[in-house]
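Taken in sequence, the protein lines are chains A and B.
The first sequence runs 0 to 335 under my numbering.
The second sequence runs 0 to 335 under my numbering.
Check each hint, because a few of them may be wrong.
Chain copies aren't distinguished; within one or between two, either way the pair holds.
Within a straight-line C-alpha distance of at most 20 Å, the following computed EDC-like cross-link-like pairs (lysine to aspartate or glutamate) qualify [stated by the list, open to error]:
{"hint": "1", "residue 1": "K249", "residue 2": "E326"}
{"hint": "2", "residue 1": "K100", "residue 2": "E261"}
{"hint": "3", "residue 1": "K38", "residue 2": "E189"}
{"hint": "4", "residue 1": "K249", "residue 2": "E21"}
No lab work stands behind these hints: they were computed from the structure.
These figures come from a predicted structure and were not determined experimentally.
For reference, the chains in residue letters:
There are 2 protein chains.
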Amino acid sequence: MTKLPGAYMRAEIDQAIPAFAEGVLQDLSASVKAATLDKLDAFYTIARGSSDAAANLISYELMAELQKPVTTLPPSVFSLGNGLQLGNAGALIFSQSGGSKDLISAAIGFKNAGGKTLAITNTPGSPLAAEADAFVDIKAGLEQAVPATKTVICTIAAGMALLAALKPDYAKACEAAAKAMLASADAKLEQADQIIEAVKSTPHVYVIGRGCGFGAAHEMALKLKETTAIHAEAYSAAEVLHGPLQLATKPLCVLILDTGEEVSNQSLSLAEERFRSVGANVFRLTPETVGAQGLTPAASSAMLLRALYPVILEIALQLGLDPDQPETLSKVTVTI
Amino acid sequence: MTKLPGAYMRAEIDQAIPAFAEGVLQDLSASVKAATLDKLDAFYTIARGSSDAAANLISYELMAELQKPVTTLPPSVFSLGNGLQLGNAGALIFSQSGGSKDLISAAIGFKNAGGKTLAITNTPGSPLAAEADAFVDIKAGLEQAVPATKTVICTIAAGMALLAALKPDYAKACEAAAKAMLASADAKLEQADQIIEAVKSTPHVYVIGRGCGFGAAHEMALKLKETTAIHAEAYSAAEVLHGPLQLATKPLCVLILDTGEEVSNQSLSLAEERFRSVGANVFRLTPETVGAQGLTPAASSAMLLRALYPVILEIALQLGLDPDQPETLSKVTVTI
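Using the sequences and the hints, build the whole thing.
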């Protein structure tokens, strides 16, 4: 029997929240201890593509909870550049395959510079996991569709579990997220049909977030581009009212990912109002629209992605594309 | 007499290289000493918009030359979040106006957390300059067009002068850049007319760079969007062959900014080849096409921007727009 277009992606989206609930409750204290992460002053994330979007999102939650800087380093500093001298810092290296040469070079370079390394990967036996001081298995299981979905959501779960190991108080948030997200795992986004129609008929899309929601916006824009070939671009709510607003003089659809942080509310509302006033087609999305309450910003981001992935899948199918296999892409990309 | 559309932007582009040549030769050792930047283990840049693109570009040159991590922090960590505990780190805070409240909050927050702060600004008497441990005047002079051009190029000059103060050997590179760039300041980009035609007639544009060229690509994409309302997006050559390649199934123009780093050559060439093979309209640009030789990657980036700004101006005029005043924008954006 021939596989239906998008069958892999659909199945993997359905598996995402059960896998999240398992991953977010992992006890990662042994990995934290092995890489002495609890003794460090600063963290650097190193990643590419969807993993980089997830890393960005997790960084924000780590900074908010630990009050330590968590910023991103380009892998090429190690693979192409002269390397770095590091203080008392650790690298969180995210790679689903664990096989990207530039990320393995980064792990080696970071260790040689005196830093600690943790690999967050879906492939525990991978070269990256072997090079790092410790690794975390995101336990997403096999992913066959080219566009990553459940591995992204499981990477967020692993990031939250890591935070619980560094700050035991946070474990309550992990438990609450597992429970609330399982309860609304299959709920359909209220605005789904409207968004599908709007995105299909608009050549340009902005996905806007702030804080953790900015990383989620990156993932959403990347996935739309990869799966539907629609030009979607992510912006922070703080940046988008500078020059980027000008694109709204053309037909523009704006998706605002509201992860519920009280402090971001005002800037998301300002962006919403400005884009509406210049004629853009604006949707503001919250985890509450699928019934999930009381989530942290990182968990809200995971829930919003889970609710939006089927929307992307449906857009691709309606455009006559096979979401499982975008025509120009392969699953593993080699970076030189 | 009524001002012609784009008259401010045109004049400011013309002033950029003479101002760069002056700024890059500034002696910033007093500022470095005042903020004890030479004693620090790590740097964080804090900026928005065009200044953030320039900061990204400078970060790469600082990392390559100093072998210390230079990464970016979102200003909202201080304005909205809980702040940070910092080790022996410094913040480089970039703001042309020096008046953005969130950047001033970041300077105060960073200092309260025990970090050192340097403001890089076009407004020495600004609140940001007053809050920082020291400041650098980028000396671009008054900029009246909404799209920043000469202030971006002067910010790069200030970053290079800062590097010379931290690493005296680098002063030779500053002198060479001033000389070479003055000599080819007014040279026209060979491919200018072809690029104008291609970008005008294509709904989607990617601007691709690597290393310093990635920051330059960000600035170029932002400026195209702001000035011409064309959907241009920046990508690192390392990222763009993942999901983003799929956009090439639609009409796509690709501008590759080649800043001449030997180590980036292979990945830029791979991107060039892949995008050509899927039918995109690809232009690869080097400072050599305007006659500038022997530049560092940061100086190459400044030269490429100088060569491309008139192309953006011309596209806007041919589309019937006034580049000096994009219809939805004002010069200073308030971030909440």
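Each hint, compared with the structure:
no.: 1; hint: K249 / E326; in the structure: between (28 Å within a copy, 12 Å between copies)
no.: 2; hint: K100 / E261; in the structure: between (41 Å within a copy, 19 Å between copies)
no.: 3; hint: K38 / E189; in the structure: neither (45 Å within a copy, 55 Å between copies)
no.: 4; hint: K249 / E21; in the structure: neither (44 Å within a copy, 40 Å between copies)
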